[in-house]
Amino acid sequence: MRQSLKRQVPYHLMLLPGVVILLIFSYGPMVGMVMAFQKFNPVLGFFRSPWVGFDNFVYVSLLPDTLQVLWNTVFIAFWKIVIGFGFPIVVALFMNELQNMAFKRTVQTIVYLPHFLSWVILGGIMIDILSPSTGIVNTAMKAVGMKPVFFLALPDVFPWTLIVSDVWKEFGFTTVIYLAALTGIDPALYEAAKIDGAGRWRCMLNVTLPSILPTIVLMGVLSLGNVLNAGFEQVFNLYSPVVYSSGDILDTFVYRLGLLDAQYGVAAVVGLFKSAVSFVFIVVSYRLAYKLANYSIF
Amino acid sequence: MRIKTATGDRIFGIVNGTFFCILALLCLLPLVNVLAVSFSSSTAASAGIVTLWPVNFTLKSYQYAIAKPEFVRSFTVSVVRLLLGVGINMVLTIVCAYPLSKDRKAFGARGFYVWFFFITMIFSGGLIPWYMTIQTLGLGNSIWALILPGAVPVFNVILLLNFYRSLPVQLEESAYMDGAGAWQALWKIVVPLSTPALATIALFSAVGHWNSWFDGLVLMSDPKNYPLQSYLQTVVVSRDMTLYQHATKEQLEMLQSVSDRTTKAAQIFIATLPILLAYPFLQRYFVKGLTLGGVKG
Amino acid sequence: MNKFFVALLATAFLAGLGAQTKAALVAYDPAITITTVKSLPDGIAFVNGDDINNNVWTRFYDGKLGIKGKVLWAVPQAQFDQKMNLAIAANDLPDIIPATLQQFKQLVDNGVAMDMTAVFKDNLSPLAKQMFDLDKGVALSQATVKGRLYGIPQLAGNTDSPQLIWIRADWLKKLGLNPPKTIDDLEKIATAFKTRDPDGNGAADTFGLAVNKDLFGGISDIEGFLNGYHGYSGDNDWIKTASGQIAYGAIQPEVKAGLARLQKFYKDGLLDPEFIVKDTSKVNESIVSGKVGIVFGQHFLPFWPLQDAKNADNSADWRPYPIVSADGKPAQPITGGSAAVIYVINKKCKNPEAAVRLLNAYYSKDLPLSADFDDSFHKIDATKDRAQVPVFQYAFVQGWHPQQNLFIHQGVRDYFNGKQTDKSKMIFWVKDNTEQCEAALKGDKSKWCALMWSGPDGAFSVIDKYWAGNQVKVSAYVGASTETMVAKMSTLNKMKLETFTKIILGQPITEFDKFVDNWKKLGGDQITKEVNAAAN
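Chains as they are written, first to last, in our numbering: chain Z, 1 to 298; chain A, 1001 to 1297; chain Y, 2001 to 2536.
Just chain Z, with the same shape it has in the complex:
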């Protein structure tokens, strides 16, 4: 017992620098969460600003758009999570089947390109690409006999434009994680499967997929933390008054409130709310993964 404890000393030491940094730069600033319950005045600071209880929460909940905005946020974020989680797995699995190494590497590099263009840049490009009269997408749709769609201006379509374009921008980057996980698979497993007469398809399902399952579960659970993150930069650069009804999200909402005056309390309330919801989602899914699959994510 004593020896075992002694053996743990280096573990504590290894964690020490990380713990100190997080204490200073993450836990320290968490004091700021009190702003949600204050009428914060910068001159008075966190400790002397007047306390207002839940007034800020009440204020936010009574704003005429809050419910709609919350719904939009959840809708957009939900589908971004689902598709943004599933698509990279599919891509990684099929990319793994590409035989030509040079082609495989080139594709890997190319699909991660969009991640590097910011929404400020992409916004302008997307307006061109998606234009119903001259855009390449609608031209293609017209060519096959479909009616043109104004992707950025129809309230029903706009959220899907956001979802699809976000998945497009980010899937290549997420794929990298699975590709790394794939490298960990023992080639002997494939050999064994082949001897058993398994084809490509069965190898993928019976060997590849189970091998990266822990990574999949991990990514799935962590991505649930984004349940209220619908993507500020993207929405801000793409939305317009006609699609406010379906495209206005919590972050753009707070941004507009903040534009007129620094409503510190409002921003803190929304921040706290988002954190709390993420926390609940991750913890529940963490427990579920542990109970159902006996797998502890971290």
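Keep in mind that a hint or two might mislead.
[Stated by the list, open to error] Calculated cross-link-like contacts (lysine to aspartate or glutamate; reagent style DMTMM-like; alpha-carbon spacing at most 20 Å):
(1) A:Lys1105 - A:Glu1173
(2) Y:Lys2423 - Y:Asp2375
(3) Y:Lys2521 - Z:Asp65
(4) A:Lys1068 - Y:Asp2199
(5) Y:Lys2445 - A:Glu1173
(6) Y:Lys2520 - Z:Asp128
(7) A:Lys1249 - Y:Asp2457
(8) Y:Lys2173 - Y:Asp2199
(9) Y:Lys2291 - Z:Asp65
(10) Y:Lys2514 - Z:Asp65
(11) A:Lys1249 - Y:Asp2042
Simulated from the structure, these hints should not be mistaken for lab results.
Use these hints to put chains A and Y onto chain Z, whose structure you have.
Only chains A and Y this time, still in chain Z's reference frame:
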């Protein structure tokens, strides 16, 4: 039977290959557009008529971008930030993930630490206290303000600890038998076995440092110290035209010069290039079978 | 008393102010230190080893005023707001705080801003006072809360902001049309631009009127159009009603009528059918590529984007015209505040009068009407690639002649119509502009923007006529945001934008009445009450 499988395989291969060709094309187009704009004349660019091929080909915007002192300086800042930042990130990720990858029996306090780390991914005090902390520590306007607050990338720690856990326990045990301590086990056994995972998190950390612009903008008090993406943000962000309501002629003349889209495009492209090259470089470490088995469950 | 006899007033101070300005420059002994922060405008540069803390202005402050200036931070203009918001939130502020109007309100509410009422009055130099007098107190009212002055407005004047119509005159000529006198004319022109192939490329790819998705913003906006219906619907437009009360512009029936007409424009295809997703820079692409021939906007359009249009197509002859009316009554463009920046003096500052002295110094050195004017404080010729360095931007506290741009135009006009052709007698501003206009007339395409800005037929020729004809409406309230404005205005503005857009796209015009009801209910009535109280 064999022949049928071979044909099936071939068809699958063709379909799969075509799928990735299309996917790659979709991902390539916007960057090609940026590239085409950067090589076009500024008149063509501001008329919005450049699509995938330069109109009135010229290298002027590149000459201008490279000659711009702000651009060159911020490039240097970014490189320094990348080297320092990724180095520190990697060391801390490696050493933090290792103890956390142990089970409760081997490391009793693990549960506490893991949650201590995890909470910081979810909760934050927001922008204002974060800013005040960094200013109070006197880090404002220094490169450390861009490195220390994010020195422990918790997401990467969690990724890596999962990878560590998939490594065979026997190797480490035998190292302990030979009298090695935890530090030796980590550096001599665990780290060399983790290259694909390390390459991945190094990539994430590098991309994170290279792409982040907000911290540079709000923490630096002199544009000389802006990293590249912060500088670019000042270039690409749209101007608030209400400021020009009362503008004098000198101010208006400046408005003209900043609206040049070809220079913006050239700078965006030059800024993206180095980080694009990082991936093919790191791909070398994604080699199959480098690790030994290590599949759990 | 809405008329400006600018030239007359200017001559008045040319005559007698020289001696007084010198006396205004008193030096501190021993020297004091004053801190500030700076917004670096686009294109600013430092040459000859200068930096933001060591340049022609700081050396002057140090040597002549006994003020050691220290800039705590200086960031590009586009990022200044954000950085300042954080600095305010962290209460990490210098002695002189250049604040936007919103930030000004926060600083007053937080208790950071010093009451400058007496200090300002006692220390202002006669020359600076003249400038504020020319502004008729508009800027000062922007910096006044409950009767006390809480900052020094950076005087820029509200002369410049009335809207103009910019039209492709070459298209008019080609199609045999005259400039518009009424909204009906405008519709005819827009229809011709759409249907009669003004660019002669054989394709129906042009449209009439350029509008951006945010509907407002000083360029490709609808304010000038609605002004034609005597409607005023910018976010900050307040009007005086017949009963003498102040009311919000955007909820008035005149706006409704204007929107109904704009709806018809859209229905007839005179607007870009895709304008609802295009921001200003996207709309500018249509302008530069010659897809559109009419755009409402302010004076600055020649610099951006019309110069680009000229570069792209030398025949693109964009010209400014006065806005037109839908009925017999002349259309009145609206203008608002005179300052976009207010220098707030931190309560912690021990020498608040230093800020006023810095302003006096600025006027004495940078205002060409001053006897001490020195153009090395304004611009210097320096590097190879940048023709001139705008060193006036280094100054800690700035202010301009409130009718400066108009004044420039009048000088240029007098040169070209032969009233005043002696360049040696011209003041700095006018000479600079006259030379550029001459270059443009001689064929220097790159100076076209200057010609269309200050030249004899440029933007300011129209603005000059607006003012001379007593045609400009000044917003009835330009003061600081009220309490309910802070809490509710962003929601109301969003509602406004949504409703207006939907109406233009074809929803029944009765939506407007719903909007008015909701606007009043959701805080608008309360805001109106507060505005009336604050104005009286």
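Here is what the structure says about each hint:
no.	hint	verdict
1	A:Lys1105 - A:Glu1173	holds (14 Å)
2	Y:Lys2423 - Y:Asp2375	holds (16 Å)
3	Y:Lys2521 - Z:Asp65	holds (14 Å)
4	A:Lys1068 - Y:Asp2199	violated (38 Å)
5	Y:Lys2445 - A:Glu1173	violated (79 Å)
6	Y:Lys2520 - Z:Asp128	violated (39 Å)
7	A:Lys1249 - Y:Asp2457	holds (17 Å)
8	Y:Lys2173 - Y:Asp2199	holds (12 Å)
9	Y:Lys2291 - Z:Asp65	violated (38 Å)
10	Y:Lys2514 - Z:Asp65	holds (16 Å)
11	A:Lys1249 - Y:Asp2042	holds (13 Å)
The structure fails to meet hints 4, 5, 6, 9 from the earlier list, while all remaining hints are met.
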